[in-house]
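Input sequences plus hints: build the corresponding full structure.
Residue numbers (full-length UniProt numbering): 1 to 157.
Derived from the structure by calculation, the hints contain no laboratory data. Hints should not be assumed to be uniformly reliable.
Stated by the list, open to error - Calculated pairs, DSS-like style, for lysine-lysine (alpha carbon to alpha carbon, straight line, at most 30 Å):
id: 1; residue 1: K151; residue 2: K22
id: 2; residue 1: K24; residue 2: K49
id: 3; residue 1: K153; residue 2: K22
id: 4; residue 1: K24; residue 2: K151
id: 5; residue 1: K49; residue 2: K153
id: 6; residue 1: K151; residue 2: K49
id: 7; residue 1: K50; residue 2: K121
id: 8; residue 1: K121; residue 2: K74
id: 9; residue 1: K142; residue 2: K153
Said to hold, decoys possible - Estimated spans, in silico, between C-beta atoms of each pair:
id: 10; residue 1: T9; residue 2: G55; range: 21 to 27 Å
id: 11; residue 1: S110; residue 2: E78; range: 17 to 23 Å
id: 12; residue 1: E134; residue 2: T9; range: 19 to 25 Å
id: 13; residue 1: E100; residue 2: L156; range: 32 to 38 Å
id: 14; residue 1: K74; residue 2: L156; range: 28 to 34 Å
id: 15; residue 1: D5; residue 2: G98; range: 18 to 24 Å
id: 16; residue 1: A150; residue 2: S53; range: 14 to 20 Å
id: 17; residue 1: G23; residue 2: H111; range: 17 to 23 Å
Every value quoted in this text rests on a predicted model; they were computed, and no experiment measured them. C-beta: ideal position from N, C-alpha, C; glycine also.
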Amino acid sequence: MSIYDINVTLEDGEDYELSRYKGKVLLIVNTATKCGFTPQFDELEQLYKKYQSQGFVVLGFPSDQFKQEVDTAKEAAEACRLSYGVTFPMHDIVKVNGKEAHPLFAYLTSHSKGFLGSSIKWNFTKFLVNREGEVIDRFGSKDKPLSFEAKIKEVLV
1 MSIYDINVTL EDGEDYELSR YKGKVLLIVN TATKCGFTPQ FDELEQLYKK YQSQGFVVLG
61 FPSDQFKQEV DTAKEAAEAC RLSYGVTFPM HDIVKVNGKE AHPLFAYLTS HSKGFLGSSI
121 KWNFTKFLVN REGEVIDRFG SKDKPLSFEA KIKEVLV
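Now the structure itself:
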(Lines of atoms letter the chains of each structure in order from A and count residues from 1; the text may use other names and numbers.)
(Lines give C-alpha, C1' and ligand atoms only; values in the text may rest on other atoms or scores of the structure.)
Protein backbone atom coordinates (compact mmCIF):
# COMPACT_ATOMS: atom_id res chain seq x y z
CA MET A 1 0.00 0.00 0.00
CA SER A 2 1.12 3.54 -0.76
CA ILE A 3 0.04 6.85 0.74
CA TYR A 4 -1.70 7.51 -2.58
CA ASP A 5 -4.14 4.62 -1.95
CA ILE A 6 -5.60 6.33 1.13
CA ASN A 7 -8.96 8.11 1.01
CA VAL A 8 -9.53 11.29 3.01
CA THR A 9 -12.45 13.68 3.48
CA LEU A 10 -12.38 17.46 3.14
CA GLU A 11 -14.18 19.58 5.73
CA ASP A 12 -17.10 19.97 3.30
CA GLY A 13 -17.59 16.19 3.13
CA GLU A 14 -15.91 15.59 -0.25
CA ASP A 15 -14.06 12.26 -0.26
CA TYR A 16 -10.98 11.83 -2.43
CA GLU A 17 -7.89 9.68 -2.80
CA LEU A 18 -4.49 11.16 -1.94
CA SER A 19 -3.34 10.16 -5.43
CA ARG A 20 -4.70 13.63 -6.28
CA TYR A 21 -1.35 14.89 -4.97
CA LYS A 22 0.93 12.42 -6.76
CA GLY A 23 4.13 14.22 -7.74
CA LYS A 24 3.65 16.97 -5.12
CA VAL A 25 5.54 17.56 -1.86
CA LEU A 26 3.13 17.31 1.06
CA LEU A 27 3.25 18.61 4.60
CA ILE A 28 0.53 16.76 6.52
CA VAL A 29 -0.39 18.24 9.90
CA ASN A 30 -2.73 17.15 12.70
CA THR A 31 -4.25 20.42 13.87
CA ALA A 32 -6.43 21.77 16.67
CA THR A 33 -7.99 25.21 16.84
CA LYS A 34 -7.88 25.50 20.67
CA CYS A 35 -4.23 24.49 21.10
CA GLY A 36 -1.28 26.59 22.23
CA PHE A 37 0.43 25.71 18.95
CA THR A 38 -2.47 27.07 16.85
CA PRO A 39 -0.44 30.18 15.85
CA GLN A 40 1.60 27.79 13.67
CA PHE A 41 -1.22 28.15 11.14
CA ASP A 42 0.39 31.49 10.19
CA GLU A 43 3.70 29.86 9.26
CA LEU A 44 2.01 26.89 7.57
CA GLU A 45 0.06 29.32 5.39
CA GLN A 46 3.21 31.35 4.62
CA LEU A 47 5.00 28.21 3.42
CA TYR A 48 1.98 27.08 1.43
CA LYS A 49 1.69 30.41 -0.39
CA LYS A 50 5.43 30.66 -0.98
CA TYR A 51 5.95 27.17 -2.45
CA GLN A 52 2.53 26.19 -3.82
CA SER A 53 3.59 27.07 -7.38
CA GLN A 54 6.51 24.63 -7.02
CA GLY A 55 4.20 21.73 -6.13
CA PHE A 56 4.03 22.09 -2.34
CA VAL A 57 0.76 21.39 -0.51
CA VAL A 58 -0.10 21.66 3.19
CA LEU A 59 -2.91 19.35 4.29
CA GLY A 60 -4.57 20.09 7.64
CA PHE A 61 -6.35 17.36 9.59
CA PRO A 62 -8.14 18.54 12.73
CA SER A 63 -8.09 16.06 15.59
CA ASP A 64 -9.88 16.17 18.91
CA GLN A 65 -7.87 13.28 20.29
CA PHE A 66 -6.13 15.75 22.64
CA LYS A 67 -9.42 17.53 23.52
CA GLN A 68 -8.54 20.84 21.88
CA GLU A 69 -10.79 20.97 18.84
CA VAL A 70 -14.23 22.40 18.11
CA ASP A 71 -17.22 20.16 17.38
CA THR A 72 -17.18 19.94 13.59
CA ALA A 73 -14.67 19.98 10.74
CA LYS A 74 -16.57 22.89 9.17
CA GLU A 75 -16.22 24.97 12.39
CA ALA A 76 -12.50 24.09 12.60
CA ALA A 77 -11.88 25.11 8.98
CA GLU A 78 -13.83 28.36 9.43
CA ALA A 79 -11.80 29.22 12.53
CA CYS A 80 -8.56 28.59 10.62
CA ARG A 81 -9.66 30.67 7.67
CA LEU A 82 -11.00 33.58 9.75
CA SER A 83 -8.25 33.73 12.40
CA TYR A 84 -5.22 32.73 10.32
CA GLY A 85 -6.20 33.25 6.69
CA VAL A 86 -5.70 29.55 5.91
CA THR A 87 -6.22 28.69 2.24
CA PHE A 88 -4.70 25.20 2.19
CA PRO A 89 -7.03 22.16 2.27
CA MET A 90 -8.58 21.38 5.65
CA HIS A 91 -10.14 17.98 6.29
CA ASP A 92 -12.61 16.13 8.46
CA ILE A 93 -11.82 15.65 12.16
CA VAL A 94 -9.81 12.43 12.58
CA LYS A 95 -8.20 10.31 15.27
CA VAL A 96 -4.41 10.16 14.96
CA ASN A 97 -3.52 7.45 17.51
CA GLY A 98 -4.76 4.04 18.57
CA LYS A 99 -6.95 1.43 16.95
CA GLU A 100 -9.33 4.08 15.61
CA ALA A 101 -6.57 6.17 14.01
CA HIS A 102 -7.40 7.33 10.50
CA PRO A 103 -5.58 5.14 7.93
CA LEU A 104 -3.52 8.16 6.84
CA PHE A 105 -2.12 8.68 10.32
CA ALA A 106 -1.64 4.95 10.85
CA TYR A 107 0.42 5.01 7.63
CA LEU A 108 2.38 8.15 8.54
CA THR A 109 3.26 6.97 12.04
CA SER A 110 4.24 3.50 10.84
CA HIS A 111 6.63 5.09 8.31
CA SER A 112 8.28 7.52 10.76
CA LYS A 113 9.38 7.61 14.36
CA GLY A 114 8.74 10.38 16.83
CA PHE A 115 9.39 11.07 20.50
CA LEU A 116 6.81 8.45 21.54
CA GLY A 117 7.82 5.86 18.95
CA SER A 118 5.12 5.65 16.33
CA SER A 119 2.45 7.47 18.38
CA ILE A 120 1.72 11.14 17.93
CA LYS A 121 2.50 13.04 21.12
CA TRP A 122 0.38 16.14 20.54
CA ASN A 123 -1.31 18.48 18.05
CA PHE A 124 0.70 20.00 15.21
CA THR A 125 2.88 17.00 14.49
CA LYS A 126 3.99 17.53 10.90
CA PHE A 127 4.95 14.90 8.29
CA LEU A 128 6.94 15.82 5.18
CA VAL A 129 6.21 13.58 2.20
CA ASN A 130 8.30 13.72 -1.00
CA ARG A 131 7.06 13.64 -4.59
CA GLU A 132 7.25 9.83 -4.62
CA GLY A 133 4.91 9.55 -1.63
CA GLU A 134 7.62 8.63 0.89
CA VAL A 135 7.52 10.03 4.43
CA ILE A 136 10.94 11.61 4.68
CA ASP A 137 10.71 13.61 7.89
CA ARG A 138 8.58 14.15 10.95
CA PHE A 139 8.50 17.32 13.02
CA GLY A 140 7.06 17.65 16.52
CA SER A 141 4.58 20.14 17.91
CA LYS A 142 7.30 22.52 19.07
CA ASP A 143 8.99 22.58 15.65
CA LYS A 144 7.77 25.78 14.04
CA PRO A 145 7.13 25.35 10.32
CA LEU A 146 9.58 28.07 9.25
CA SER A 147 12.34 26.30 11.21
CA PHE A 148 12.41 23.50 8.62
CA GLU A 149 11.80 25.60 5.50
CA ALA A 150 15.25 24.63 4.19
CA LYS A 151 14.26 20.96 4.34
CA ILE A 152 11.09 21.70 2.33
CA LYS A 153 13.14 23.61 -0.30
CA GLU A 154 15.56 20.67 -0.51
CA VAL A 155 12.69 18.23 -1.16
CA LEU A 156 11.10 20.53 -3.75
CA VAL A 157 14.23 20.54 -5.96
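Does the Cβ pair G23, H111 satisfy 17 to 23 Å? The hinted range 17 to 23 Å holds for G23 and H111, with Cβ atoms some 19 Å apart.
Range agreement (Cβ of L156 with Cβ of E100, hint 32 to 38 Å): Given a distance of about 34 Å, which is inside 32 to 38 Å, the answer is holds.
Does K49 sit within 30 Å of K151, going by the straight-line distance between their CA atoms? 16 Å, holds
Mind checking the hinted window 17 to 23 Å against the Cβ distance between S110 and E78? This hint is violated: roughly 32 Å between Cβ atoms.
Would the pair K142 and K153 pass a check requiring their Cα atoms to be no farther apart than 30 Å? 20 Å, holds
Holds or violated: K50 to K121, with C-alpha atoms at most 30 Å apart: Within the cut-off at roughly 28 Å; holds.
Does the beta carbon distance between K74 and L156 stay inside 28 to 34 Å, or does it fall outside? 31 Å, holds
Under the criterion that the straight-line Cα-Cα distance not exceed 30 Å, is the pair K24, K151 satisfied? 15 Å, holds
With a cut-off of 30 Å on the C-alpha distance, tell me whether K121 and K74 pass. 25 Å, holds
For the range 14 to 20 Å, tell me whether the beta carbons of A150 and S53 fit it or not. 18 Å, holds
Does the alpha-carbon distance linking K153 and K22 stay inside the 30 Å limit? 18 Å, holds
30 Å Cα cutoff - pair K49, K153: 13 Å, holds
The structure fails to meet hint 11 from the earlier list, while all remaining hints are met.
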